[in-house]
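Trainee: If you want the building blocks of each chain, they are given just below.
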Amino acid sequence: MLHNVRDNYIISVKDHVSQFEEKSFRKLASNDFKSWPSPREETWRLSRLGVLSRKEMTPIKPNFKKQVSSVSKFKDSKIIRFVDGALREDLSSKLPPGSSLNILGEQDSLICFHKFKDSNLKNHPSTNVSFSCTPSIVKLTIEKDVKIRDLFEIIYEGGDNNLSVHPALYIELKDNSSITIIERFNHLSSLIMPLQLVELKKNASMNSLKIFNDNQQSYNLSVNCTFLSENSNYNSFSLIKGGLFTRSETHAYLKGENCNLNLNGVYLSSKNQHHDLTTAIYHDVPNCTSKQIVRGVLGGKATGVFQGKVRVAPDAQKTDGQQMSRAILLSENAIANAKPELEIYADDVICAHGATVGEIDDEQLFYLKSRGISEKNAKQILITAFLRDIINESVEKSIQNFVFEEAELALSEIISKEI
Amino acid sequence: MSLLEIKNAKLKLDDKDILKGLSLSVSKGEVHAIMGPNGSGKSTLSYMLAGRDGYELESGEVFLEGQSLSDMEADERARSGLFLAFQYPVELPGVGGMSFLREAVNSRRKFLGEEELDHLAFVKEARKVASKMFVKDEMLKRAVNVGFSGGEKKRFEILQMAMLKPKVSILDETDSGLDVDALKIVSDGVNAQRNDDNAIVVITHYQRLLDYIVPDFVHILSDGSIIKSGGPELALEVEKNGYAGLINAA
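Chains as they are written, first to last, in the working numbering: chain A, 1 to 419; chain B, 1 to 250.
Think of the hints as simulated: they come from the structure by calculation, not from any bench.
Treat each hint with caution, since some may be false.
[Unchecked claim] Beta-carbon label-pair distances, calculated as ranges:
1. Lys132(B) to Val71(A): 43 to 51 Å
2. Lys16(B) to Ser331(A): 28 to 36 Å
3. Lys10(B) to Asp347(A): 53 to 61 Å
4. Gly358(A) to Ser149(B): 23 to 31 Å
5. Lys132(B) to Ser374(A): 25 to 33 Å
6. Ile247(B) to Gly358(A): 37 to 45 Å
7. His353(A) to Lys132(B): 41 to 49 Å
8. Gly66(B) to Ser374(A): 49 to 57 Å
9. Glu257(A) to Ala121(B): 36 to 44 Å
10. Ser149(B) to Ser398(A): 42 to 50 Å
11. Ser69(A) to Ala121(B): 37 to 45 Å
12. Ser331(A) to Ala249(B): 54 to 62 Å
13. Lys16(B) to Asp315(A): 54 to 62 Å
[Unchecked claim] Subject to a maximum C-alpha distance of 16 Å in a straight line, what follows is the list of computed EDC-like cross-link-like pairs (lysine to aspartate or glutamate):
14. Lys65(A) to Asp90(A)
15. Lys376(A) to Glu73(B)
16. Lys376(A) to Glu76(B)
17. Lys61(A) to Asp160(A)
18. Lys376(A) to Glu103(B)
19. Lys7(B) to Glu58(B)
20. Lys141(B) to Asp389(A)
21. Lys55(A) to Asp7(A)
[Unchecked claim] Not the full set, but computed from the structure, chain B residues with beta-carbon under 10 Å of chain A:
22. Gly60
23. Arg77
24. Ala78
25. Tyr88
26. Glu91
27. Met98
28. Met139
29. Val144
30. Asn145
31. Gly147
Keep in mind the model is a prediction, meaning the values are calculated, not measured.
All C-beta atoms, glycine included, are put in the ideal place defined by N, C-alpha and C.
All chains, please: the whole structure from these sequences, using the hints.
Mentor: Here is the structure:
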């Protein structure tokens, strides 16, 4: 690798790491960060980091006195706050019995690091950089048999121009436990690289909602790595609306039989935003189901990307894997890319995928207009329904309206410009 | 003055002549039936009247209460009092039946200079009309036409007609896909709306529907124009001898 202007950030990451000499995982990770992925790498072909690699940037040093600006959106949620990528215990709620939050020490951090490295994420830029630069890896544990009734709301904010932010969260749900977690990304930073490891033990069940609403100039390269054990459920929904470039990546490993995975999402993109939902699902054992529904609405010169890979191992018979993506383009200059990838090595499976990109359906539009509804209202009704439909189908009932309202805000901005 | 006047309508689709100089005059209080074999231009006629994109007239003109429709979009025509009951009502996933109806009704009320109905008043009105049409409350809560049976879809069309109180209603093959019981419910719904101020145009393949919705006039549409007009007895003639005899005679 040539050292030229593009490597400035790599040098600042190494400088940053040298301050934490005692933590071996940082050193290991920073040694692996050799360059930004090139557009020739298949998973980065549709979402190029070229501009980013030419930016002047250094990892942030968290300010533990920084005031927060994002308020909770729920009356009784348990709040966990990350500011500048660091856990702020002083601004977080006391957690209910059976749940705990810890900052991992050297040994446990190394274990977490290796879990990532054993996955297919070992060369991922976010993995390498965030393990190098995170203030600490935070672990949220839900104990065996504990069903958390409170809503957990994790709010990430902070950051600043030309700085990168690196929150790292490890969530473990022990046997028979369950929880609903809402994560809201509201950074001001140039570059955000949230790292997340989720482990669901037997019979554990997690609902996850992520709302990406970072500052309009920022890059968010979020990575989630989830391991599912027998009979576990992971139900995840991502709403991407903020940032200049937001990529939410989820890599799920179905390791125990009879587990059930939903990785759904919506991107609402306008101006020159680039939004990317990338998933990789590994069916390693028989009798599991996975389902992905992704929808996007784009205006302006925005670009939307959905790339979804489903790999079914030779032993993973009776797998049921479904994938469907739809995007509506409201402007001639908007682009939507969909890249489904099925790698199936078992012979007794049901796997289906479909992708459509287009304008609003003519027939539906005519039907509404034939009832006296103006074209503008008709389009608004159809697009709103397009989102309402997927939200109702994939988000837990108690938070459906919240998600819908969050989506509607971004949607009305797109619609007001395009219709 | 006619409520609906079609004058020498000509229309091409994909460079093929579909309507070849069709004329029709419909006055207040009348029910007209337009019958014709497959491919005679029946659905084209209904889309043309409703103002679907791509179904613009090449020549000729259509007037609703003396006002030309040629520069009016589908939504304006509907607000002015034209209604099309679809042969294949369109599914609208995620659009709730009640809010759809309310949007439609309020668009029309606004046009007529009437006050828009608030949510409560509207729900009350909709339920009243729906119960007459044997449309269950539960159906209004579902997404429009999604998962509806053939009969439910057609009932929902006629419910919309009843709520919108159009001047001219075009019923495009409303009998298709209906069993006898459903046909009776739908026809009763239509008949309940017949009055001296409005008009109904029933477009159909078969005479069967006309046993329930008895027309004042019957027109035979063939190859893009009306080849014969008469009273209800004309429909019986079609039933007896088929279209071929009439077409050959014309």
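Trainee: Does each hint hold? Answer for all of them.
Mentor: Here is how each hint holds up against the structure:
One distance hint, 43 to 51 Å for the beta-carbon pair Lys132(B) and Val71(A), holds here, with the actual separation near 50 Å. The hinted window of 28 to 36 Å between Lys16(B) and Ser331(A) holds, with their beta carbons roughly 34 Å apart. One distance hint, 53 to 61 Å for the beta-carbon pair Lys10(B) and Asp347(A), holds here, with the actual separation near 59 Å. Restraint check, Gly358(A) to Ser149(B): a C-beta distance of roughly 29 Å satisfies the suggested window 23 to 31 Å.
Range check, Lys132(B) to Ser374(A): about 29 Å between beta-carbon atoms, so the 25 to 33 Å window is met. Our hint of 37 to 45 Å for Ile247(B) and Gly358(A) holds, since their Cβ atoms are close to 41 Å apart. Restraint check, His353(A) to Lys132(B): a C-beta distance of roughly 46 Å satisfies the suggested window 41 to 49 Å. With their beta carbons about 24 Å apart, Gly66(B) and Ser374(A) fall outside the hinted range of 49 to 57 Å.
The beta-carbon spacing between Glu257(A) and Ala121(B), approximately 55 Å, falls outside the hinted interval of 36 to 44 Å. A C-beta distance of roughly 32 Å is found between Ser149(B) and Ser398(A), which places it outside the suggested range of 42 to 50 Å. Checked against the given bound of 37 to 45 Å, the beta carbons of Ser69(A) and Ala121(B), roughly 43 Å apart, stay inside it. Between Ser331(A) and Ala249(B) the beta carbon distance is about 56 Å. The supplied range of 54 to 62 Å therefore holds.
A hinted range of 54 to 62 Å for the beta carbons of Lys16(B) and Asp315(A) is consistent with their spacing of about 57 Å. As the CA atoms of Lys65(A) and Asp90(A) are separated by approximately 10 Å, the hinted pair is consistent with the 16 Å bound. Distance check on the hinted pair: Lys376(A) and Glu73(B) sit about 12 Å apart at the alpha-carbon level, within 16 Å; holds. Between Lys376(A) and Glu76(B) the CA atoms are separated by roughly 13 Å; this keeps the pair inside 16 Å, and the hint holds.
Distance hint between Lys61(A) and Asp160(A) is fulfilled; the C-alpha atoms sit about 11 Å from each other, no more than 16 Å. In summary, the hint linking Lys376(A) to Glu103(B) is supported, as the alpha carbons are separated by about 12 Å, within the 16 Å threshold. Only pairs whose Cα atoms come within 16 Å are accepted, and Lys7(B) paired with Glu58(B) is accepted, the gap being roughly 12 Å. About 14 Å separates the Cα atoms of Lys141(B) and Asp389(A), which keeps this hinted pair within 16 Å; it holds.
The hinted pair formed by Lys55(A) and Asp7(A) meets the criterion: a straight-line CA distance of about 10 Å does not exceed 16 Å. For Gly60(B), the suggested interface contact is broken, since its CB lies about 21 Å from the closest CB of chain A, more than 10 Å. Contact between Arg77(B) and chain A, as hinted, is supported at the beta carbon level, the nearest pair being about 8 Å apart and thus within 10 Å. Annotation: Ala78(B) was flagged as interfacial toward chain A, and the flag holds, the nearest CB pair being 4 Å apart, inside 10 Å.
The criterion of a C-beta within 10 Å of any C-beta in chain A is met by Tyr88(B), whose closest approach is roughly 9 Å, and the hint holds. With a least beta-carbon distance of about 8 Å to chain A, the hint placing Glu91(B) at the interface is held under the 10 Å criterion. Taking 10 Å as the C-beta contact cut-off toward chain A, the hint placing Met98(B) at the interface is violated, the least distance being around 13 Å. Violation of the interface hint for Met139(B) is found here, the shortest Cβ-Cβ separation to chain A being roughly 17 Å, above the 10 Å cut-off.
For Val144(B), the interface hint holds, since its Cβ comes within 10 Å of a Cβ in chain A; the closest pair sits about 8 Å apart. For Asn145(B), the shortest C-beta to C-beta distance to chain A is roughly 9 Å, which falls under 10 Å, so the interface hint holds. Below 10 Å, beta-carbon pairs count as interface contacts, and Gly147(B) has none with chain A, the closest being about 13 Å; its hint is therefore violated.
Checked against the numbered hints given earlier, this structure breaks hints 8, 9, 10, 22, 27, 28, 31; the rest are met.
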